Amino acid sequence: MSVFRTHVLLPVDEGTAQAGVFEIKRRLEKELDSRKLLGEVKVLESGSVGIVGKGVILAVYPDRVYYFNVRQEDVPRIVDEHLLKGRIAAGLDHAPIAAMEAEKSKVGLTREQRRVVLDKAWTVDPENIEETLAAGGYAGLEKLFAEKTAPEALIEEIKRSGLRGRGGAGFPTGMKWEFTRKAAGDEKFIICNADEGEPGTFKDRLILEGDPHRLIEAMTIAGYAIGAGRGYVYIRGEYQLSIERLRKAIAQARSYGLLGKNILESGFSFELEIKKGAGAYVCGEETALIESLEGKRGNPRIKPPYPVTHGLWQKPTAVNNVETLANVPAIVVRGADWFRGIGTDKCPGTKVFTILGHVVYPGLVETDMGTSLREIIFGYGGGIQGGKKFKAALLGGAAGVFLPEKLLDVRMDYESLKENKAVLGSGAVLVMDETTSIIDMLFSIAKFFAHESCGQCVPCRVGTRQILDIIYRIRRGRGREGDLESMLALAETMFRSSLCPLGQSLVMPVKSALENFKEEFALACGQAVKS
Amino acid sequence: MEAQALHIPDNEQYRELKRFIDSNRDVPGPLIQVLHRAQKIFGYLPLEVQHFVARELNVSLSRVFGVVTFYNFFRMDPIGDHIVNMCLGTACHVKGASEIIKALEKELGIRVGGTTADRFYTLSTARCFGACGLAPVLMLDDEVHGRLNPQKAVQILRDMRTRAAEAARENAANEKEEK
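Each protein sequence line maps, in turn, to chains H and E.
For the first sequence, the working numbering assigns the number 1 to the initial residue and increments by one for each residue that follows.
For the second sequence, the working numbering assigns the number 1 to the initial residue and increments by one for each residue that follows.
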């Protein structure tokens, strides 16, 4: 590796790509070349920095300066002033970066974040394993094998850390691994659920794009813990960049002996394969995902038996979400006590939230579990766009709940939200201002569920359709007496009798919308009755 | 219809698919990966291709058909040269995606799922691209366009046609010169 005095990072995501990051990169390299600086300054594409709406972003290290909204014509000035003369190019949109080595980093959103799962996601070139290694990648795996930690002791450490599934259900990860390890069978599997389909959620994509090696390391550790020699990453077909980067990362890891046979001379062998999904929301449910992996329609299985004993090909299988797994290497390196020191007592660690809708800074933020919803929307998200008033937040995607203003101080962790009849889900926070119609939002959600219902069980297949019909009526001002009651009764029935979480969760948006925004629905139905 | 009785043309497309299937014979549960490849080769999955896949993998046609119709990604009808995929996820919805869809339907004179008569555009919708920070978004082929309104979205489609027409004119001119 050659030594460069300065690194320029260009975070690549859909936002910056659209703003022309690749053109800026070419221009930058051209300008550097013409000033013979290419041997001193290294230009890197990095993962998303989590800032949305600031155009092309350019970060200069070790100076720790960001430039926002970089245009072609700004490039020569940045090169001449900053990269050649070493002073901040005046007149451009820029900001200092807080110490990146520290846990807390300021990334353009209005408050500091704590980054655990995303700590490398925008500071290393995700396509270069050497950078990942230099930044502490695979340190967990190395520690595990250097100290000859037994799988049982590793599971104990994960259990003690209190890590819970970040896909939505919040099941303790250590317990899931223990069940799988103890299940009878000679062949076991670890599956990473990267079929991120919850509307409003893109946290897993940014982890995969920004730090694919973290997932490889985590899955190898998980495979070692449960006794699996093979892992699968079931990934959304739409996530082209993630798939490409993960593929490259797997090949690199293999050539460095970090994946494959006898990893780091430990005697443990592990293979990892990518499986592309074909677009079905229900495949985010673990048994449907397994069916799909087996090459079938993604119809959920009847539980029990659970995948921990009867999973892929009826063999013991642990299915974990991307974000859950991404926590594992850090826990192995820094210990369960360190992890327990973050977040709340019952939900330790951080959570990645995606903040969307009518906020000033839509984007992604990683912060402590238990942070209040108000802080997320008004702190990190910068408040409501256009000086309007807050009306509601939809937490956890389509299978989520509508929260009104009076619940803004709820703490965002599994337990506190449960007390308020809400869910954390995938961590999506969709913010709606005063002009938004909750009826219209509920209609959009009902439509989504009716479309994505797999049709296997009657309550969900018929129930989603019926609820859609009712909300369609109400939306068009033709609500009838008793409509609200029957919508609720249908949703409750689906909750009790559907086979899988898809059918069981429509009750959440329906009930929370009806309870928290009663007047709006009553008005819509009442008017219709009168006219 | 008997799968065996079906006449499968012997052309490079089918030969390519056959090679892929043969190289994946020892992989368990290959159906979805095979269909992914088949759609890449043919552009869509007509019944004939499904018959071929069923026969090659030794599974029933109903099994193949069931999988094809289950997943959004697979299609049984030919599509246009360019695919317009409008996101209808919640984040895009709250930012007015349904207005854009209406404008696109009007502009192209087709409904969602349809293809224009000249096979230039296919209009489709998706649940969520995970590009919610840019909402509302559409994907034109592999490219994401965000922060749209109905006018902007329509303009993107018109620009694409203009570019295609210019390219066609240039091609024609070049060919003329060569002659």
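Simulated from the structure, these hints should not be mistaken for laboratory data.
Don't take each hint at face value.
To be verified - Some but not every residue of chain H turned toward chain E, in silico, with C-beta under 8 Å:
| hint | residue |
| --- | --- |
| 1 | Pro-362 |
| 2 | Gly-363 |
| 3 | Arg-411 |
| 4 | Met-432 |
| 5 | Thr-435 |
| 6 | Thr-436 |
| 7 | Phe-448 |
| 8 | Ala-450 |
As the list claims (entries may be wrong) - Footprint (simulated), chain E over chain H, 3 or more residues, beta carbon under 8 Å:
| hint | region |
| --- | --- |
| 9 | 189-199 |
| 10 | 236-248 |
| 11 | 293-300 |
| 12 | 391-402 |
| 13 | 418-424 |
| 14 | 481-493 |
Unchecked claim - Below, computed lysine-lysine pairings styled on DSSO-like, alpha-carbon distance capped at 27 Å:
| hint | chain 1 | residue 1 | chain 2 | residue 2 |
| --- | --- | --- | --- | --- |
| 15 | H | Lys-248 | H | Lys-25 |
| 16 | H | Lys-388 | E | Lys-152 |
| 17 | E | Lys-40 | H | Lys-248 |
Note that the structure is predicted; figures quoted are calculated from it, not measured.
Ideal Cβ placement from N, Cα and C applies to all residues, glycine included.
Evaluated hints:
1. Pro-362: Holds. Min distance 5 Å.
2. Gly-363: Holds, about 5 Å.
3. Arg-411: At 23 Å from the nearest chain E Cβ, Arg-411/H fails the 8 Å test, so the hint is violated.
4. Met-432: holds (6 Å)
5. Thr-435: Violated. Min distance 10 Å.
6. Thr-436: holds (6 Å)
7. Phe-448: holds (7 Å)
8. Ala-450: Violated, about 12 Å.
9. 189-199: As far as the region 189-199 of chain H goes, the hint holds, because 4 residues have Cβ atoms under 8 Å from chain E.
10. 236-248: Since three or more residues must qualify, the claim that chain E covers the region 236-248 of chain H holds, with 5 doing so at under 8 Å.
11. 293-300: holds (count 6)
12. 391-402: Result for this restraint: holds, n = 3.
13. 418-424: Violated: only 0 residues of the region 418-424 of chain H have a Cβ under 8 Å from chain E.
14. 481-493: violated (count 0)
15. Lys-248/H / Lys-25/H: holds (21 Å)
16. Lys-388/H / Lys-152/E: holds (25 Å)
17. Lys-40/E / Lys-248/H: holds (21 Å)
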